[in-house]
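Student: Each chain, written out:
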Amino acid sequence: MTSRVVVFDYGSGNLRSAQRAMERTGAEVTVTSDPRRALEADGLVVPGVGSFSACMASLRAAGGERIIGRRLAGARPVLGICVGLQVLFDRGVEQADPLEEDQATQGCGEWPGTVERLRAPILPHMGWNTVQAPSDSVLFDGLAADERFYFVHSYAVRTWDMVPLNPRTPAPGVAWAEHGEPFVAAVENGPLSATQFHPEKSGDAGARLLSNWVSSLP
Amino acid sequence: MSLAIRVIPCLDVDAGRVVKGVNFENLRDAGDPVELAGVYDSGGADELTFLDVTASSGDRETTYDMVRRTADQVFIPLTVGGGVRTPEDVDRLLRAGADKVGVNTAALARPALIEEIAERFGRQVLVLSADVRRVREDGGSTPSGFEVTTHGGRRGTGTDALQWCAEAARLGAGEILLNSMDADGTKAGFDLELIRAVRAEVEVPIIASGGAGAVEHFVPAVEAGADALLAATVFHFGEFTVGEVKDSLRAAGYPVR
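Each protein sequence line maps, in turn, to chains A and B. Numbered according to my numbering, the first sequence spans residues 8 to 225. Numbered according to my numbering, the second sequence spans residues 13 to 269.
Think of the hints as simulated: they come from the structure by calculation, not from any bench. Note that CB positions come from ideal geometry on N, CA and C, so glycine has one too. Check each hint, because a few of them may be wrong.
As the list claims (entries may be wrong) - Here are the in silico distance ranges between beta carbons for each label pair:
| id | chain 1 | residue 1 | chain 2 | residue 2 | range |
| --- | --- | --- | --- | --- | --- |
| 1 | A | Pro-128 | B | Glu-205 | 17 to 27 Å |
| 2 | B | His-163 | A | Ala-80 | 54 to 64 Å |
| 3 | B | Ser-54 | A | Asp-143 | 31 to 41 Å |
| 4 | A | Ser-142 | B | Arg-80 | 50 to 60 Å |
| 5 | B | Gly-157 | A | Arg-73 | 57 to 67 Å |
| 6 | A | Ser-142 | B | Arg-122 | 51 to 61 Å |
| 7 | B | Ser-68 | A | Ala-80 | 47 to 57 Å |
| 8 | B | Asp-259 | A | Pro-171 | 26 to 36 Å |
| 9 | A | Val-38 | B | His-163 | 38 to 48 Å |
| 10 | B | Ala-42 | A | Glu-35 | 29 to 39 Å |
| 11 | A | Thr-166 | B | Gly-265 | 23 to 33 Å |
| 12 | A | Gly-197 | B | Ala-121 | 46 to 56 Å |
| 13 | B | Ala-118 | A | Gly-18 | 17 to 27 Å |
| 14 | A | Gly-18 | B | Ser-54 | 26 to 36 Å |
Excised from the complex, chain B in its bound form (with noise of 0.2 Å):
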């Protein structure tokens, strides 16, 4: 009797279409946003992300209607993350029926901005998505050697990570995606280090992102102090599922839906 630990699949999206790969056998458009959302729901994803990575403005038009697309049909709840900047586009977004918004790089130029989301839609919305890197040895030092980065973890900013979260969950994120820029794209499991010293500073739910690469790595994520759990290339390329996540959750004694 008590939460479950959430599995959360990851869509990268672009004008409203799924790229960096997904690879479903029986899929009529497998760059269909909607129908890969319903294929999910019913494989028992607890949530669904989309990060937006279209660049240009103008095509946002078409993220909103694949938000409303989606909502439409899938009854779980829905973040949207990327190129969030005021809190306009918060609204935008939760009246096309997301129910939580990431925000990234905006919040770090202006922490303020998180202040006005909490406040105008409540912090439940706001989903604070940090990309964050060990300090390279020539970059300068944070007090915990973690540095919050931009530009996909390309660029460190010399802001402490564990520091940032903190502060950001003071000024109103309901919640922390804490991404590991080390572990991303590693498949060797999530960044255990990094979920243990945020989980020590911050008293939001955290989401550990980056590094799964199998159904072992989940219940280690979990034990270092994640709440819910959410990868992208695993679950696209059918590597395994989010069922069979939940299977080793349960089986380590977690409670799962």
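Okay, chain A solo, but in the shape it has when bound (with noise of 0.2 Å):
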């Protein structure tokens, strides 16, 4: 059956690349707000550009937060692209003014950790790059470790302790990429998924992971 893919508006992102790349796998692709459709939806895609608090403002305005939530509480995927992968973590800190105290933003919380300024000599951080991913991956499942990306951002989580404490418990997979320093590239942890980089502006490698990411939609 064709799975059915909902691409969030809540006024942020490139959202016609979005739909057209996801359309490219075969999936049946919807471009709303509608909270119905995306909570009934087999898959939520949750782009976002620009900056934290001004995605979070939005997709809290939008109702996103609570779909995102309830989505998840019924083991129904979401995927998060770039500043959508930003907002699934606690807080976002942006660089205001040099002269006053950065501000902190409280992001859906739904992984720990803080979205931070890379510290690396060029930013933004523009352009295609690698991956590290998992070996049990399903995201990058038959793409090789030299694939590029493409990523466009100057902030990241540039740490990541979610490691559980019970061996039994299944840990959440990490991708890593470089820039200036290492960063949470993309996180699979059951029903959640999010990429820092854009699959639907990465070409093949892209449209290859969003199909793999369609195939294992329920």
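Grab the two chains, each in its own frame, and use the hints to assemble them into the complex.
Tutor: Okay, here's the thing in structure tokens:
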């Protein structure tokens, strides 16, 4: 059966590209802000560009945070892209005026961690970079280690500390990339997945990743 | 394991058609930007840039349509520059499917435009395009000896180019597209002195443009500090390919896609 995917339209991101790239996988794609359709889709894509605080504000205003929470409570898959990955973490710290204190914004808190400015000589991190994915990754299945994906961001999650104490608890799969320092490039955690890069702009490698996600939808 | 050097073909388009000659074999329609975009995509281009030279604003709709059709078929980043004057222009281009928007003259006239665009859409969408030349002997002076020009390099502005690039990056430009008007059209190589000078001033990525005439010209531009390399004619006339440029970068030890 054809998977029904909703690209959540809360006023952020190049939705047209996300829609077309998703359609390439054979999924039936709708771009909408309608909460019911977003809840009922087989898969929900949460895009996002711009600043953490602006994205989070629009996402909340559109009821996105609750929609994501309710979907996850029912084990229904969600895929965050770029700032759509970032807002899934606890908080984002943005460097405002250098003379003022940094501003922290609360995120969705699905994962522990802080989104911070990368420590790299050249920012934004803009272009094609490689990703180190865990060997049992669903998203990166069939993709070679030297495949490159398109990134464009200045902020990222620099540490990951969600490691279960109980060895029988499955640990989330974390993929890393490097620009000046290592940062989280993708996370796979049960029904919740996200990428810091833009699979919809990453040519054939990105298409493969999106197909992998769509194939995994129940 | 690091960021790849980007190679970016640039297409000049007028009312939705490619101008300034493209000479490829096996093209059904050499003037169709969508078909060409597909050819460059398969050839390994890391991004595509459309420079819209459409003079009449009434024809702008054709530009949006062209962007839409390209973004529907090509899944690599797409930058559109030319004639962008307001945040609304940016909004329309992004909605049509552009990922980044190039701003040039309008930002010179009103630098606050950079802040307005960066605030509303994020700095990652904003490519500041600067047409730079060395100050002519009779044209006054600037601290660096480089000035920003308008009208395709024909008119000097007296604005110091290095100060302008630094100012634009501070205001919110996510990238600098650095066009050397002295090197442009010479095919004698990129303007390494200019690239080095701007590299020392800004911490945003630099796309070097102007002067590419041979495969050997690209590595020195990267050594001078360019993060990405843009060329038009040499690619359009098949003098060499994006793939050959990447081979030369790889041979010099630079990461490419």
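Student: Hints broken by the structure, by number, lowest first?
Tutor: Of the numbered hints, 4 and 8 do not hold.
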